[in-house]
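Peer 1: This is what each chain is made of:
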Amino acid sequence: MLREVPRPCLRLVEFFLILTPCAAVATGIALMSLASDGRLAIGALQHAFCFIALALAAHVLLSIGGFRGDQLLLPLVIAIAGLGFLAVYRLVSPATATRQLIWLSLGVALMLAVLVLLRDPGWLRRYKYTWAIVGLMVVAVTLVIGRDTNNSGARLWLGWGQYQYQPSEILKVLLVVFFAGYLYEYREVITFGRWRLGPLTLPPLPYLLPLVVMWSLALLVLIVQKDLGAALLFFGIFIAMLYVASARASFALFGLLAFAVGAGIGYRFIDVVQRRVDIWLDPWSKSATSGYQIIQGLVALASGGVFGTGLGYGRPDLIPAAYTDFVFAAIGEELGVLGTLAVLALFMLVVYRGYRIAAMASNGFDQLLATGLTTVIALQAIVILGGNLRMIPLTGITLPFMSYGGSSLLTNFLIVGILLRISGREAYG
Amino acid sequence: MSVDTSIFFLRIVVIALVYLFLAQVLIVLRRDLRRATERPRWAKGPVACLVVQDAGQTKLPANEVFTLAEINTIGRASTNSIVLDDDFVSAEHALLSHRQSQWWIEDLDSTNGTLVNRRLIDRPTLISPGDVLQIGRVKLKLEKVQGAS
Numbered sequence: 001m002l003r004e005v006p007r008p009c010l011r012l013v014e015f016f017l018i019l020t021p022c023a024a025v026a027t028g029i030a031l032m033s034l035a036s037d038g039r040l041a042i043g044a045l046q047h048a049f050c051f052i053a054l055a056l057a058a059h060v061l062l063s064i065g066g067f068r069g070d071q072l073l074l075p076l077v078i079a080i081a082g083l084g085f086l087a088v089y090r091l092v093s094p095a096t097a098t099r100q101l102i103w104l105s106l107g108v109a110l111m112l113a114v115l116v117l118l119r120d121p122g123w124l125r126r127y128k129y130t131w132a133i134v135g136l137m138v139v140a141v142t143l144v145i146g147r148d149t150n151n152s153g154a155r156l157w158l159g160w161g162q163y164q165y166q167p168s169e170i171l172k173v174l175l176v177v178f179f180a181g182y183l184y185e186y187r188e189v190i191t192f193g194r195w196r197l198g199p200l201t202l203p204p205l206p207y208l209l210p211l212v213v214m215w216s217l218a219l220l221v222l223i224v225q226k227d228l229g230a231a232l233l234f235f236g237i238f239i240a241m242l243y244v245a246s247a248r249a250s251f252a253l254f255g256l257l258a259f260a261v262g263a264g265i266g267y268r269f270i271d272v273v274q275r276r277v278d279i280w281l282d283p284w285s286k287s288a289t290s291g292y293q294i295i296q297g298l299v300a301l302a303s304g305g306v307f308g309t310g311l312g313y314g315r316p317d318l319i320p321a322a323y324t325d326f327v328f329a330a331i332g333e334e335l336g337v338l339g340t341l342a343v344l345a346l347f348m349l350v351v352y353r354g355y356r357i358a359a360m361a362s363n364g365f366d367q368l369l370a371t372g373l374t375t376v377i378a379l380q381a382i383v384i385l386g387g388n389l390r391m392i393p394l395t396g397i398t399l400p401f402m403s404y405g406g407s408s409l410l411t412n413f414l415i416v417g418i419l420l421r422i423s424g425r426e427a428y429g
Numbered sequence: 001m002s003v004d005t006s007i008f009f010l011r012i013v014v015i016a017l018v019y020l021f022l023a024q025v026l027i028v029l030r031r032d033l034r035r036a037t038e039r040p041r042w043a044k045g046p047v048a049c050l051v052v053q054d055a056g057q058t059k060l061p062a063n064e065v066f067t068l069a070e071i072n073t074i075g076r077a078s079t080n081s082i083v084l085d086d087d088f089v090s091a092e093h094a095l096l097s098h099r100q101s102q103w104w105i106e107d108l109d110s111t112n113g114t115l116v117n118r119r120l121i122d123r124p125t126l127i128s129p130g131d132v133l134q135i136g137r138v139k140l141k142l143e144k145v146q147g148a149s
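Protein chains in written order, with the working numbering: chain A, 1 to 429; chain B, 1 to 149.
Derived by calculation from the structure, the hints in this document are not laboratory data. Careful: at least some of the hints might be erroneous.
Anything over 12 Å on all C-beta distances counts as not near chain A; from chain B, calculated [stated by the list, open to error]: (1) I7; (2) A23; (3) L108.
Below are the SDA-like pairs computed for lysine to any residue, each with C-alpha atoms no more than 25 Å apart in a straight line [claimed, not checked]: (4) K144/B to M360/A; (5) K59/B to Q100/B; (6) K59/B to T96/A; (7) K59/B to A41/A; (8) K59/B to T191/A; (9) K59/B to Y186/A.
A few chain A residues facing chain B, derived, Cβ under 7 Å [as the list claims (entries may be wrong)]: (10) V13; (11) T27; (12) L31; (13) L34; (14) A35; (15) G38; (16) A41; (17) G43; (18) L205; (19) P206; (20) L209; (21) P210; (22) G310; (23) A345.
As the structure is a prediction and not an experimental result, all values here were calculated from the model. Glycine residues also receive a C-beta, built at the ideal position from the N, C-alpha and C atoms.
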């Protein structure tokens, strides 16, 4: 079959925007090399070079492919990933940074593959039940044969030999696709419909049922797995998408009420929830044991001050699991409030851009899909940043694009790929 | 330059570059927003809209705006460019078109007719901004788009 090949196009805005984070990464790595060895190590420069090559390759391939969509999303993601790359390089070892680079390359490749293969997001809609069931099945399988690789007390990983994947990551994307497809089809019934039960007038429960069933199954599996971060995320996505599709504030209010009840029950009956909340309320009495991580995170943020200790001069490596859960605190120690504010601004811009792509999308399904996927990124960032700052109980969830970890990077680049594809249908940016 | 001074210098450069990037993004965003509010010069076609005055039985919000194209069909069927879901609107009710920079409304043999400023029309009729169309129980006012020439 012959397919019309799009002509290459100049993506000048994207090109100039990508250069700056590349320069920041190169400078940061040079700085760390100088700080630790007193000279520029050749290995450090190789890392910087590889990162820049990757960023530019992504840009060039988009241009050659004649992709005419959003030009801001990729530079923003590259900037966040660049800061994360610096943090991993700093916190763990150059060898781990190399692995992060490999994951980043795979993520970019996945993003480009989505753009090439997924010409029309509407295709996803046709198989919405399949996606939801596949997602739930993979997670259920993990429940049975999963592994607990980092001794967190939760078996979240599906491994094959040396490689592992965290299936709850892909479940979020699949469930968003299902919600978007279902809500698109029934949004009018759900918005305007009324269901009478004797004297009561209720929202159209029969039409909400498939949604609620899918969603409770997902929540159940996650709670059995003790993956609280993901459970919290799913709850948020569900309420956000239902609200966007129906524009009925009562759904959102009811969702929040259900959340309060659920949280109360969780605190009473699930020991992990209880432990997490207790640590959050008072980490100091358990400073040597379960509260150690969060206290180290707070100390790191406090010692950073406004300008930070400077890359390579702090001790953020004292925080346990700093390179996955506490990247934000580590940035806070070495780059100070200036660094953390920049990270927040970058995430805000990514989310803004995602919602803008949703608003500009040409049909209802694309709009809902883009909204849901952007909400995934936004909520992940809020949940883990709030946990780092001790504003909400800490749950083990990754900071999108920044934390070390293959599953999370791949999934988030998949999301960027779909968002870019949706934006590509409208010529703007 | 000693190692210490260059480290100090580089520390400033890293954070400065991050903020330079943020500034660049904001500049692009500002340009983008300005372009979105402005009507591009290359855009062709008439610049007017229909504003809902009375939604009748439809669930349209008051002051809902329909941006108009060169040719607009109005009716209850979902194939129309402007869909009015009111029992008194015919499936294909009326045609609103722009010819030689003038707006024409034509009734398409609808059951209940089309009214311009409360008068039933029997032939294609010239209308201008400010006129009110009544189609079924829905009242729509023709208006110029803000900011357009």
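Peer 1: For each hint, tell me whether it holds in the structure or not.
Peer 2: Each hint, compared with the structure:
Residue-level check failed: I7/B sits 5 Å from the nearest beta carbon of chain A, not beyond 12 Å. For A23/B, the requirement that its beta carbon stay farther than 12 Å from each beta carbon of chain A is not met, with the minimum near 9 Å. Remark: the non-interface label on L108/B is consistent with the geometry, its nearest Cβ contact in chain A lying 27 Å away (cut-off 12 Å). Using a Cα cut-off of 25 Å, the hinted pair K144/B and M360/A holds, with the two alpha carbons roughly 23 Å apart.
With a C-alpha separation of about 34 Å, the suggested pairing of K59/B with Q100/B is violated against the 25 Å cut-off. At most 25 Å may separate the alpha-carbon atoms for a hinted pair to count; K59/B and T96/A exceed this at roughly 58 Å. For a cut-off of 25 Å, the pair hint linking K59/B to A41/A is broken: about 68 Å separates their Cα positions. At most 25 Å may separate the alpha-carbon atoms for a hinted pair to count; K59/B and T191/A meet this at roughly 12 Å.
Simply put, K59/B and Y186/A have alpha-carbon atoms about 17 Å apart, close enough for the 25 Å limit, and the pair holds. Proximity of V13/A to chain B holds as hinted, the smallest CB-CB distance being about 6 Å (cut-off 7 Å). The beta carbon of T27/A comes within 5 Å of a beta carbon in chain B, closer than 7 Å, and the hint placing it at the interface holds. At its closest, the beta carbon of L31/A sits 4 Å from a beta carbon of chain B; the interface hint therefore holds under the 7 Å criterion.
A distance limit of 7 Å between C-beta atoms decides the matter here; for L34/A the minimum to chain B is near 5 Å, and the interface restraint holds. With a cut of 7 Å, the hint placing A35/A at the interface with chain B holds, because the nearest CB-to-CB distance is about 6 Å. Annotation: G38/A was flagged as interfacial toward chain B, and the flag holds, the nearest CB pair being 5 Å apart, inside 7 Å. Interface hint at A41/A: violated, since its Cβ lies 13 Å from the closest Cβ of chain B, which is beyond the 7 Å cut-off.
With a least beta-carbon distance of about 18 Å to chain B, the hint placing G43/A at the interface is violated under the 7 Å criterion. Evaluation of the L205/A hint against chain B yields a violated restraint, the C-beta minimum of about 21 Å exceeding 7 Å. Given hint, P206/A at the interface with chain B, is violated; its Cβ is 21 Å from that chain's nearest Cβ, farther than 7 Å. With a cut of 7 Å, the hint placing L209/A at the interface with chain B is violated, because the nearest CB-to-CB distance is about 24 Å.
A distance limit of 7 Å between C-beta atoms decides the matter here; for P210/A the minimum to chain B is near 25 Å, and the interface restraint is violated. Interface restraint check: G310/A against chain B, minimum CB-CB distance 5 Å, threshold 7 Å, status holds. Hint status for A345/A: holds, given a least beta-carbon distance of 6 Å to chain B, under 7 Å.
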